[in-house]
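Please build the complex by placing chain B on the supplied structure of chain A, with the hints as guidance.
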Amino acid sequence: MRLVKQAIERDGSGTITLFPEDPEDMWFTYNLIRPSDLLRASALRRITTESATGSTSSTRVHINLLIRVEKLDFDTQSSQLHVSGRIIEETKYTKVGQWHTLDLELNRNFTLEKKDGWDSVARNLVKEACDPAKQADVWAVIMQEGLAHLAVLTGQRTVLRQKVETTVPKKRGTGKQGDHDKALEKFFQTTLDTLLRHIDLSANLPILLASPGFVAQAFLKFILETATRTGNKSLMGQKGNFVVVHAASGYLHSLNEVLQSPEVLARLKDTKYARETKLMDTFMNLLYKDDGRAAYGPREVEQAVEKGAVGRGGGILLICDSLFRAQDVGTRRRWVGLVDRVRETEGGEVRVLSGTHESGKQLEGLGGIAAMLTFPLEYLDGEDEVEDEIALSNGNTAGEKT
Amino acid sequence: MSRHKLVKALDLDEELDDFDGGADSDYGEEVGAEDKEHLRLGTAKVRDVLGPEVSITDREIEDSLWHYYYDVDKTTPKKARKQKVNSDVNKSDDFFRDSPWLNIPEDRRGEILIEPLYPRGRLMGGSSKSDGAPKSKLAALAAARKKKENQRAEDGQNATNSVALLDKLSGKPRQGKPDCASDISSPKPLIAITEQTMNEQPRKYPRRKSKGLKSPQDDQPAKEAFKKSDSLASPDVDKQPEITPAADPSVFAQTIFAAPAVSQQHDLQTSDRYVLGPDTYAEFDFAGPSPDDVVTKAQNTKRPTQKPVKQPPQPSSGDESVNAIFQGVGVVAIEEPKVKGKNLDVMAEFERSKPKNAANFVVIGHVDAGKSTLMGRLLYDLKVVDQRTLDKYRKEAERIGKASFALAWVLDQGTEERSRGVTIDIAMNKFETESTSFTILDAPGHRDFIPNMIAGASQADFAVLVIDASTGNFESGLKGQTKEHALLVRSMGVQRIVIAVNKLDTIQWSQDRFDEISQQVSAFLTTAGFLAKNLALVPCAGLTGDNIVRKAEDPQASWYTGAPLISLLESSEPVTRALEKPLRMTVDDIFRGGVQNPLSISGRLDAGNVQIGDTVVIMPASQTASIKGLEVDSEPSDWAVAGQNVILHLADIEAKYLKSGDVVCPPAVPIQCVTSFTVKILAFEHITPMHCEVHKGRLHAPGRVTKLVAQLDKASGAAVKGKKPRLIKPGSVARVHVEVDDPIPLEQGGRVILRAGGETIGAGLVE
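Quick mapping for you: the protein sequence lines, in order, are chains A and B. One point on numbering: in my numbering, the residue at position 245 of the first sequence is 245, and numbering is uninterrupted. One point on numbering: in my numbering, the residue at position 93 of the second sequence is 93, and numbering is uninterrupted.
Straight-line Cα separation of at most 30 Å, DSBU-like style, residue types lysine-lysine; simulated pairs:
| id | chain 1 | residue 1 | chain 2 | residue 2 |
| --- | --- | --- | --- | --- |
| 1 | B | K724 | A | K307 |
| 2 | B | K659 | B | K707 |
| 3 | A | K221 | B | K402 |
| 4 | A | K182 | B | K656 |
| 5 | B | K656 | A | K186 |
Far from chain A by the CB rule (all over 10 Å, computed), these chain B residues:
| id | residue |
| --- | --- |
| 6 | L141 |
| 7 | N150 |
| 8 | Q151 |
| 9 | D386 |
| 10 | R399 |
| 11 | S435 |
| 12 | E484 |
| 13 | Q520 |
Just so you know, the hints here were simulated from the structure itself, not pulled from any lab data. In this text the structure is predicted, and so the values were computed from the model without any measurement. Backbone N, C-alpha and C fix where the C-beta goes; we use that ideal spot for every residue, glycine too.
Bound conformation, chain A alone (with noise of 0.2 Å):
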């Protein structure tokens, strides 16, 4: 992303104008645009024209576009963004209130102005969205025995790109070994074409191996063997891209473990995700410390800052990125407003995580919002949740059965 223009005023408004450079940068501006933004941006329109004798005529229309946004929608797998909006600009063709569906498109400008300001989260993400440094994007192959999923890293996400599943037969008594071999095998193959079929060997990318046991090895060796035996010399030339690492499942949060583990840190050290994914392991050994100095879910970080525990000296504010996506602007105002004060008030650090990256789900999963205090804090989340469920499940006096 190119930075084109920035007129941003002392009070926050103003426009910026940027260039959108690959379809990462989509993602930037998906988590940039809000609704009720004003949105300037070329379009492709559709005249119909009523002649006269009531014939009809219709042409496609290059014009400048300005429309207020009401909905945005984005397309993980093609990296397109849709934002749908009314026409506030008369123009040539169109009159104010039409309804207008901008397709962003790269390489091509855009203007976004703010309709509250431009707040520190979103003139942080233009930052980081213009920060030229490039990262690298990391292909991972999580799978266990008759399951595999074909993801793709970014800085920014994490994409699941495919499923493989087949059916592979267990161990069976003596002279039944065959079956078992030969579906593997065809799993591997089926694993190994859907591959091919969504990696680009040219971008020479690190191909990440990850299983329990020796499924992901027995892989690498069949890649091999493949790409040896079919003369395939651009997959012959991945080798030294392929990376073995351990993971506990098949399934995709177990990329989690497979970022953390020591080969992965080796190559991706400092990579967004990765980055990430060491922060939440702090943090969930904090929590797991149980001290008092971990805290998470909406009502117990504020209630954590409030009293200052986020502060300078340690305190660290983890907030997921969707939580600013929030429709509702009263809402996203509360947690810019809650990183504004760790920031500029307390002095903590703030760490925006993607809720794509595995690391970032499992920060959902706490609600979205976490942070390691600098002093412990007993008793947070006060009287005020009754929990209902615990008088209902009284009755319940089964014993101890686990």
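The following block gives chain B in isolation, referenced to the frame of chain A:
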């Protein structure tokens, strides 16, 4: 009345034949030398005239010559005609086909009556013109039949056959008319006899002449005559097999045995059918089951739940009935379901079979504790695995430098397992002792394969915990999978655990070490929830086989006086099973059961029973399948009940609908599939709202703990009052809410394991 008529009415043939039998010698004496010479010459002449193809004995010719007083001309036609008569009368066999033995309908009696008279008249009268005379309906019929018969028969009827037929004919009067026979027993020329008979039956002569067979005044004697022949037929039936033993069953026999009930219903149409009969009638040879049996069998094999198949109407005659039955059978076969069940009362069958105690046990323990080797040794010592196989394994294991793994190879059949020397998946093996039949579920010890171990443990009745006694390994095991496995099996409902302290041979059977281990393990297991009385410890050595099937031979091990491992296994109490509950079976594996069974599933019946022919529903795919084959412990069976390890061969379902971990249930009471559920859980690790995998037997699904509902009191199970827990600590009990991405089959009371990051975070009961 002319006397000639009387003569004509007389059954001369019968008289003659009787005479032959009765008074041969007398007759011979009467013939003088001159007569003999005449007879010889006459016979020669007659033979010339008749030609070689006519098979008649000299005696007959001589008789005729005697009768006609050496008139060769007259004799010849008589003989020739007699032959004809033979074949005609022979037809009467066919005629009786499908007619009832008794209660003959009026109309048929009348028609049948005529036949014996007809040829006789011709014989007696010597009228060669009879062929040209107008024929009665019956005569025409007989002629037509004869023609047909001739066409069918081989050219040149062989002599023995005709003689036999002749005998057959002659047999009738001999037995049936003793009065006549005695009358003519005196040695007289035939003419005298004829005259005598004429006197007796004076009225029959003119009838023959007129050939008005059905004139009203004829009815009475005709019926009488028929009655006579009727009674005569009986000995014929008895006699026939003697005469032509190699022949087909007689038509009479066929008529009598084929459809006696049917023949009661004869009506006017029978004669028409009779005409058509021989060509259309499909002969029933009694070789197979009777048509009725076929129908009955088809009816019996039908399942009662099926819509009753329309019974083919009881046919009124043979050909129709046979066809209808075949059609009926065809209909039955079409409407039958693809898989025929025996519709057994499985519970009754189970009670009757008086099964041996059956027990599944899972072998658990830390990686490299020697689980597979111990079990391999057990199977080898019990002669389940023969020496040859083991030698083969030993040789192969040595080749890849893993000689000590030979015993483990008995269970580790996988290529990967062998090359790496580690169990990856559950191995199932069966062995029997005198009292119990056991199924070993050899679990992998490696932490990566705990999902497989869970699958095995979910099928187990009790557990064998193998502990590596060697220095350091016990300690690391207790922190590792020894602990995790023990907790897992306990939370999956296993009550009883046998602890095999293994590899004692490596520490010189140190009793101190054993006691130390026993103490620690017992303490740990007791805190894990096992009752002390359900724990049994045995020191053993898997590699050498000490204290496994036999007592340890090592003198250093003499301090142990208890029973070897096998006895401890046998002391397991039989487990009661939920036989009456609806069928539940978790699919363990989906595979190709062979050429006949392209799709088979294996697993253990958790509840209920199943039999061949049942229709089941596979959840969560909600696809029905029918069971076309069933194996219990690899032996074909018709049914299976809860607790048994079965293989179901499925039909009417595609493999894509099946996943391991699916649940097989009856269509009437399918298991519910849920995407979110509340579970009372014992935490192994810290639990926060987090991602996890939900395991239940073979089933595993990605999910999340979405909400920590309440912390529960460990003793009472009541919720701890106060605020909502923000973290569940290891060892505590809590109620949590879990969501999964895709619906999974889960019932209340089901035991689930939650795992995250390769560790078991908790195990609990679905509420």
